[in-house]
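Enquirer: Given these sequences and hints, build the entire structure.
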Amino acid sequence: MSDKTSSSWPVVPGSYLVGDMNGPVAVCTLTSERLMRPIVGLPGVAIAGIVYTANLGITRIVVNITTNPAIRFLLICGKDSPLFLPGQSLVALADHGVDSNQRIVRAAGYEPVLQTLTHDQVGQFRRQVEVVDWTGEEDLESIKGRVNELSARNPGRFMTGTGPASPSTSLERFVTIRPGGQREPLLYDPKGYFVISVDNSEKEIVLRHYLPDHTPAHEMRGRGATSMLLGLVREGLVTQLSHAGYLGEELAKAQTALQFGLRYDQDRPLRSQEASSEKGVEAASSQTSQTQTSESTSSQQTPTSKGRVQPLTLKQFEDTALGERVDCYVSVTDLPSGQVLGGVLLESSEVEPFNAFHRTSYRTEILWSLATRIIMGEPSELTVGALLRVVGKRTESHRITADQIVILTRVARIIS
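Each residue of the sequence shown is one higher than the last, beginning at 13 in the working numbering.
Among the clues, some could well be false.
DEER-style ranges, computed between Cβ atoms [stated by the list, open to error]:
{"no.": "1", "residue 1": "D331", "residue 2": "Q127", "range": "31 to 37 Å"}
{"no.": "2", "residue 1": "R190", "residue 2": "A120", "range": "40 to 46 Å"}
{"no.": "3", "residue 1": "R425", "residue 2": "L326", "range": "16 to 22 Å"}
{"no.": "4", "residue 1": "S18", "residue 2": "A164", "range": "21 to 27 Å"}
{"no.": "5", "residue 1": "S20", "residue 2": "S392", "range": "17 to 23 Å"}
{"no.": "6", "residue 1": "E330", "residue 2": "E153", "range": "22 to 28 Å"}
{"no.": "7", "residue 1": "H131", "residue 2": "D331", "range": "37 to 43 Å"}
{"no.": "8", "residue 1": "E247", "residue 2": "H226", "range": "15 to 21 Å"}
{"no.": "9", "residue 1": "P228", "residue 2": "T407", "range": "45 to 51 Å"}
{"no.": "10", "residue 1": "D151", "residue 2": "R220", "range": "54 to 60 Å"}
Only pairs whose alpha carbons sit at most 20 Å apart, straight line, appear in this in silico DMTMM-like list of lysine to aspartate or glutamate [said to hold, decoys possible]:
{"no.": "11", "residue 1": "K215", "residue 2": "E231"}
{"no.": "12", "residue 1": "K215", "residue 2": "D415"}
{"no.": "13", "residue 1": "K215", "residue 2": "E247"}
{"no.": "14", "residue 1": "K405", "residue 2": "D331"}
{"no.": "15", "residue 1": "K405", "residue 2": "E330"}
{"no.": "16", "residue 1": "K156", "residue 2": "D145"}
{"no.": "17", "residue 1": "K203", "residue 2": "E247"}
{"no.": "18", "residue 1": "K327", "residue 2": "E390"}
{"no.": "19", "residue 1": "K405", "residue 2": "E377"}
{"no.": "20", "residue 1": "K405", "residue 2": "D415"}
{"no.": "21", "residue 1": "K327", "residue 2": "E359"}
{"no.": "22", "residue 1": "K203", "residue 2": "E261"}
{"no.": "23", "residue 1": "K405", "residue 2": "E336"}
{"no.": "24", "residue 1": "K156", "residue 2": "E142"}
{"no.": "25", "residue 1": "K16", "residue 2": "D32"}
{"no.": "26", "residue 1": "K405", "residue 2": "E359"}
{"no.": "27", "residue 1": "K156", "residue 2": "D32"}
{"no.": "28", "residue 1": "K215", "residue 2": "D339"}
{"no.": "29", "residue 1": "K203", "residue 2": "E231"}
{"no.": "30", "residue 1": "K327", "residue 2": "E377"}
{"no.": "31", "residue 1": "K215", "residue 2": "D225"}
{"no.": "32", "residue 1": "K405", "residue 2": "D339"}
{"no.": "33", "residue 1": "K215", "residue 2": "E261"}
{"no.": "34", "residue 1": "K215", "residue 2": "E390"}
{"no.": "35", "residue 1": "K405", "residue 2": "E362"}
Bear in mind the hints are in silico, worked out from the structure with no lab data behind them.
None of these values were measured; they are calculated from a predicted model.
Ideal Cβ positions, reconstructed from N, Cα and C, are used throughout, including at glycine.
Expert: The structure is reproduced here in structure tokens:
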């Protein structure tokens with residue numbers, strides 16, 4: 013058996029960083045994302061990652077550990093998810109395994125079922141690694157000391173009669189399907205069709221429903237694509253899945269236009285408000301929405317509308333004084349206390365400035381209250397992993413009291 017780990021490891025994707033692949037320690041920082049980068053650089057750490065769920069998240073941890081026999085310890089630290097409890101579930105897995113239904117015995121979190129793992133994989137995981145439960149610990153110096161201690165008593169690579177699990181037998185298997193297909197013309201939906209616009213003065217999306225004979229029927233106003241689509245479903249106004257998918261796409265575009273001050277025209281790409289005006293767009297868009305599928309994609313440009321406050325770069329943020337108003341992007345990494353969001357500042361990608369972001373190393377905390385205006389979402393979405401645009405006042409060196417929070421989780425992503 014080779015004494016080196018294959019360069020193809022880790023074998024399944026996840027929210028992790030890879031250090032020394034031949035190191036004996038894997039570290040799960042639970043929901044404390046900010047701990048990953050400093051920990052993965054420690055000597056002896058093979059991999060450091062976060063986990064939010066007690067099912068797919070733990071499955072991927074088990075697969076990546078059992079395909080690397082160099083890993084002999086799993087150190088759990090950081091803040092556990094109060095709903096899924098993956099930290100508690102990992103400890104329960106190590107202590108008690110799974111039952112005949114692949115459910116982790118004595119796990120207290122939501123749906124702790126490892127459906128795609130075999131009993132052999134679970135058994136190897138329990139034999140191969142010693143799970144060290146430091147749930148709640150976020151002090152880097154303490155974690156560093158514990159990693160050093162574990163590395164010093166490395167028992168060597170895990171040996172089995174059959175060798176490490178094969179990556180080809182560990183990966184989830186999916187049936188490949190291709191995008192595309194035939195959508196019925198929207199005119200054929202017996203409930204009618206919809207015309208979507210943006211009311212910039214009221215900061216609202218306006219959705220008007222017409223019957224198949226073009227008779228006006230209903231109007232809905234809102235700020236969130238999800239809630240508006242759910243309202244249409246509740247009222248029974250959409251009967252085709254393809255129609256519902258189309259409306260979801262258009263409402264999401266309208267929501268993005270409202271959020272970033274872009275121009276929205278149904279069935280057309282998003283563009284800046286300064287783009288040249290086109291006559292008859294509304295009528296043409298209404299007709300198109302009834303009869304054909306739009307293949308357009310968003311083409312977003314940086315808005316330059318007079319008076320519009322642009323999100324700050326890290327340098328600009330650091331140059332602001334206490335008490336000044338700030339506008340910035342934030343990735344939520346933890347929840348220190350009620351109505352406080354811990355996170356790191358983000359900077360926009362030059363290629364996709366409105367929906368792709370780079371992490372910075374700047375730690376911040378967002379204080380919000382019932383008076384804070386929540387846009388594009390609900391307060392329940394202010395949780396670990398959320399991507400936010402925050403407008404408010406810088407009250408302490410690392411704190412912002414939020415007047416307005418735009419929840420970008422559904423329309424944006426972190427690329428590095």
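Enquirer: Of all the hints given earlier, name the ones this structure violates by number, lowest first.
Expert: 1, 5, 7, 13, 18, 31, 35
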